[in-house]
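Protein chains: 2
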Amino acid sequence: MMNTTDTNSKVKVRVPATSANLGAGFDVFGLALDCLYDEVYMELTTGKSIEILGVEGYDVPEEPSENCAAVAASKVFEMKGYAHGAKMWMRKCIRPKSGLGSSAASSVGGALAASKLLGGLSYEDILLCAGEGERVSSMSAHLDNVAPALLGGFTIIRSYSPLDIVRLEAFSSMGIVVVLPEVEVSTKEARAILPESAPVKDVVRNAGNASAFVAGFIREDIALMGRAMVDAIFEKAREPLMPWLSDIRKVAIGAGASGLSLSGSGPSVIALFDKREHRGKEISKAITEAFLENGIDSEGFICSVGRGAMEISEGAVI
Amino acid sequence: MMNTTDTNSKVKVRVPATSANLGAGFDVFGLALDCLYDEVYMELTTGKSIEILGVEGYDVPEEPSENCAAVAASKVFEMKGYAHGAKMWMRKCIRPKSGLGSSAASSVGGALAASKLLGGLSYEDILLCAGEGERVSSMSAHLDNVAPALLGGFTIIRSYSPLDIVRLEAFSSMGIVVVLPEVEVSTKEARAILPESAPVKDVVRNAGNASAFVAGFIREDIALMGRAMVDAIFEKAREPLMPWLSDIRKVAIGAGASGLSLSGSGPSVIALFDKREHRGKEISKAITEAFLENGIDSEGFICSVGRGAMEISEGAVI
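Top to bottom, those sequences are chains C and B.
Going by my numbering, the residue at position 118 of the first sequence is 566; the numbering climbs one at a time, nothing skipped.
Going by my numbering, the residue at position 86 of the second sequence is 534; the numbering climbs one at a time, nothing skipped.
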């Protein structure tokens with residue numbers, strides 16, 4: 449059936465870091481970034497299971513049942529009725545638990561690589577398999593990072609059942625500063641601190657801000673997007689875990705950002721700015737200095753909205 | 449100071465019906481309709497207060513302190529420091545408590561007429577004065593109908609404080625069917641039945657639908673807008689007051705509508721359709737027939753997104 453020695457028996461894919469939530473779009477918005485990537489190399493074997501032969505970069509579990517990429521790939525194998533195995537290498541450049549979609553990138557990498565090897569999966573099926581990889585790291589199959597990691601651009605998850613995702617193209621003047629501080633906030637902990645319900649006035653505020661963010665995105669109005677990067681419910685609940693957040697926001701806006709929010713559940717932050725104003729370096733510097741004043745080292749990235757996951761030239765990563 | 453005999457001493461304005469909420473945009477979205485209007489004629493006098501000399505059409509309070517238009521106008525007078533009075537006539541073509549922004553239209557009519565007579569109010573101030581008129585009928589100064597009634601098109605209230613309203617232009621293929629049933633649901637009652645808080649999963653669903661609705665609006669994707677006209681929180685809470693709602697929705701979609709929601713707090717419903725499919729009459733007929741099966745007479749209007757309030761040729765209405 450499957451010839452593991454033909455040219456489709458090995459593949460390498462590259463998947464971008466992503467930023468979810470962006471203020472009011474909790475569990476809904478996701479943005480692909482063009483600054484950091486994970487890579488997954490996969491080769492079909494005549495074995496019975498998926499083996500991970502190596503991980504370069506950040507440390508992640510190499511036991512296949514605990515590895516997002518391997519779990520996502522095995523879901524693709526299951527869906528395609530493929531009874532053999534594969535060997536995998538990974539390059540992890542996106543720090544786990546950074547709020548930059550590290551597990552989503554690995555999950556999409558595993559699912560997309562497996563899909564390219566076995567052929568014929570729809571984007572929707574790849575998303576669902578990647579979601580199963582995501583479940584390994586965060587206990588739930590959220591797609592808010594998975595969708596932009598696969599599709600690129602800005603994604604809106606309108607509905608999970610039926611799955612309905614809106615993808616919008618980026619515009620050229622949209623500048624992004626992402627700053628990753630040297631602190632760890634686990635996705636699980638950041639989820640556990642969330643309320644189970646929200647007051648109606650905050651529901652209305654969030655719907656207004658989420659809607660206005662989308663209007664700003666399509667109108668290429670970065671000032672409006674920045675004003676709308678406000679979350680009255682979830683980010684507010686997480687502030688005790690990241691007490692520096694309001695300081696950082698103030699400093700970023702003072703340096704020229706139109707707005708700032710946590711990236712996903714943090715600790716990374718994402719700020720938007722108008723590239724035509726050329727203030728990306730200034731904003732990044734202001735944020736890293738403000739982190740330092742809070743006793744935290746951090747690394748800043750000036751980037752743009754990214755493309756989605758893609759196959760890159762073959763060959764082992766390592 | 450003010451010469452009540454000059455050409456600016458009288459004015460007539462026409463204000464459109466509006467539809468708020470549109471599913472997930474509770475207290476956030478508003479749409480101007482081009483099918484029904486209220487008119488306000490106003491003339492400055494040397495008196496001390498606002499007098500209502502007549503109301504044509506639907507019955508509304510003629511006591512100035514209970515009349516939305518007069519209250520809104522008096523707020524404008526107050527803001528401008530105008531110590532004299534005015535006489536007013538109104539033509540009420542929008543049924544009160546219909547869910548079609550009847551009180552908002554009168555409020556905007558009063559505020560805009562007064563502003564045109566005294567000159568120089570910003571749109572924001574006119575909105576705030578009209579909001580005070582709205583408060584008379586619904587106990588709160590919501591702007592979700594007031595904003596589109598004044599500005600036209602589709603409006604998103606991002607924030608009340610500071611006031612931040614996004615206005616989007618309509619697109620030509622967007623068809624609207626509004627059906628007004630012969631039942632009454634008071635705005636107060638429809639508000640009283642609302643929950644005080646909402647589960648997080650519904651908050652996420654609403655943010656996803658509201659965001660997708662905006663994306664659909666700007667992309668001119670009526671099918672997406674229809675799918676996104678879903679409200680897991682507020683409309684669901686109101687269904688006991690309007691138990692026919694799910695029937696009506698099903699029938700409308702069966703007849704070619706892309707989606708349907710309550711208009712405001714009901715009882716009117718609003719359905720969207722693609723004008724290029726020419727199914728407006730069919731949808732309107734299907735909805736009115738479905739109301740009749742529920743024992744309710746109703747009137748259907750096939751319309752488009754409307755312009756905002758405007759001054760029309762002078763002269764008394766009556």
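Please note that a few of the clues may not be correct.
Which copy is meant is left open, because identical chains are indistinguishable; a pair holds if it fits in one copy or across any two.
[To be verified] The calculated SDA-like cross-link candidates involving lysine to any residue, where the alpha carbons are at most 25 Å apart (straight line), are:
#1 636 - 493
#2 698 - 747
#3 684 - 567
#4 458 - 587
#5 636 - 647
#6 649 - 589
#7 564 - 722
#8 458 - 742
Hints listed in this document are in silico derivations from the structure and should not be mistaken for laboratory results.
Here is what the structure says about each hint:
1. 636 - 493: neither (35 Å within a copy, 68 Å between copies)
2. 698 - 747: within (18 Å within a copy, 53 Å between copies)
3. 684 - 567: Classified as neither; 44 Å inside a copy, 43 Å across copies.
4. 458 - 587: This pair counts as neither: shortest intra-copy Cα distance 30 Å, inter-copy 67 Å.
5. 636 - 647: both (23 Å within a copy, 19 Å between copies)
6. 649 - 589: Close across copies (14 Å), not inside one copy (29 Å); limit 25 Å.
7. 564 - 722: For residue 564 and residue 722, neither the intra-copy (37 Å) nor the inter-copy (38 Å) Cα distance is at most 25 Å.
8. 458 - 742: Result: close neither inside a copy nor across copies, 47 Å intra and 62 Å inter.
Violated hints, listed in ascending order, are 1, 3, 4, 7, 8; each of the other numbered hints is respected by the structure.
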